[in-house]
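K.L.:
Using the sequences and the hints, build the whole thing.
Chains A and B are the protein sequences, given in the same order.
Under the working numbering, the first residue of the first sequence is numbered 1, with each subsequent residue one higher.
Under the working numbering, the first residue of the second sequence is numbered 1, with each subsequent residue one higher.
By construction, these hints were calculated from the structure, which means they are not laboratory data.
Hints are supplied without guarantee of correctness; some may be wrong.
Label-pair restraints from in silico Cβ distances [stated by the list, open to error]:
| # | chain 1 | residue 1 | chain 2 | residue 2 | range |
| --- | --- | --- | --- | --- | --- |
| 1 | A | H10 | B | P81 | 23 to 33 Å |
| 2 | B | G54 | A | G97 | 22 to 32 Å |
| 3 | A | T8 | B | P10 | 20 to 30 Å |
| 4 | A | N51 | B | R77 | 34 to 44 Å |
| 5 | A | I101 | B | S28 | 15 to 25 Å |
| 6 | B | S69 | A | I101 | 17 to 27 Å |
| 7 | A | V12 | B | S68 | 43 to 53 Å |
| 8 | A | G59 | B | E45 | 20 to 30 Å |
| 9 | B | K42 | A | F74 | 15 to 25 Å |
Computed cross-link-like contacts, DMTMM-like style, restricted to lysine to aspartate or glutamate with a CA-CA straight-line distance of at most 25 Å [what the hints assert, rightly or not]:
| # | chain 1 | residue 1 | chain 2 | residue 2 |
| --- | --- | --- | --- | --- |
| 10 | B | K70 | B | E3 |
| 11 | B | K70 | A | E103 |
| 12 | A | K78 | A | E18 |
| 13 | B | K2 | A | D56 |
| 14 | B | K99 | A | D57 |
| 15 | B | K70 | A | E18 |
| 16 | B | K2 | A | D57 |
| 17 | B | K99 | A | E103 |
| 18 | B | K67 | A | E103 |
| 19 | B | K99 | A | D56 |
| 20 | B | K2 | A | E44 |
Just some of the chain A residues that point at chain B, by a computed CB distance under 8 Å [what the hints assert, rightly or not]:
| # | residue |
| --- | --- |
| 21 | G28 |
| 22 | Y31 |
| 23 | Y48 |
| 24 | V53 |
| 25 | D56 |
| 26 | F65 |
| 27 | F74 |
| 28 | G97 |
| 29 | E103 |
| 30 | G107 |
| 31 | P108 |
| 32 | G109 |
Just so it is clear, CB atoms sit at the ideal spot from N, CA and C, and this is done for glycine as well.
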Amino acid sequence: DAGVIQSTRHEVTEMGQEVTLRCKPISGHDYLFWYRQTMMRGLELLIYFNNNVPIDDSGMPEDRFSAKMPNASFSTLKIQPSEPRDSAVYFCASSFGGTGINEQFFGPGTRLTVL
Amino acid sequence: QKEVEQDPGPLSVPEGAIVSLNCTYSNSAFQYFMWYRQYSRKGPELLMYTYSSGNKEDGRFTAQVDKSSKYISLFIRDSQPSDSATYLCAMGYSGGYQKVTFGTGTKLQVIP
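P.N.:
Dropping the structure here:
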């Protein structure tokens, strides 16, 4: 298995622009998570999906952030408009609910820089 | 107060030392206790997990959970330069509930 795929490793954009991060979870996993990691705040859960349905988006910082999961093999996290304080590493992770041990498999992350 | 507290370090030790990494938590409902390891510019990977209280050993690594004190530890014996990474504790619930709460991570450097 290829693991969780985040094909864009580094994204650079200018303040005010729209940025879309993409993720392909591990085939067969029914949970998908989006996290943001910074030195100051650590790893923060933004939103997670179960069977493509958003379950908890309480970690989404504000209305500028939105996430979709149109099918079991693809999810996006969009920031519009982007701001310099959104600069962070964004991780996608997936898991299989049937195991019961909450193990999440992380992608390599997308480092977002907003100028 | 955060649900999970973890000293960010950095922690620098000589090769061969015993390393102790710790987390405290406030939510008594947590049942799964995990340690993830994150190498530089990589995603976290699950290192060990324990269910409820007790100890678990895997090679040079030992995880301990003290639910009465709401305190978990990860011990690394005979530390190696390849152990240099950030270690994140994580906690979750039983019953198939997949949401996990992570600590901020402790950066460890093992010096040859």
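K.L.:
Tell me the numbers of any earlier hints that the structure contravenes, in ascending order.
P.N.:
15, 21, 24, 26 and 27
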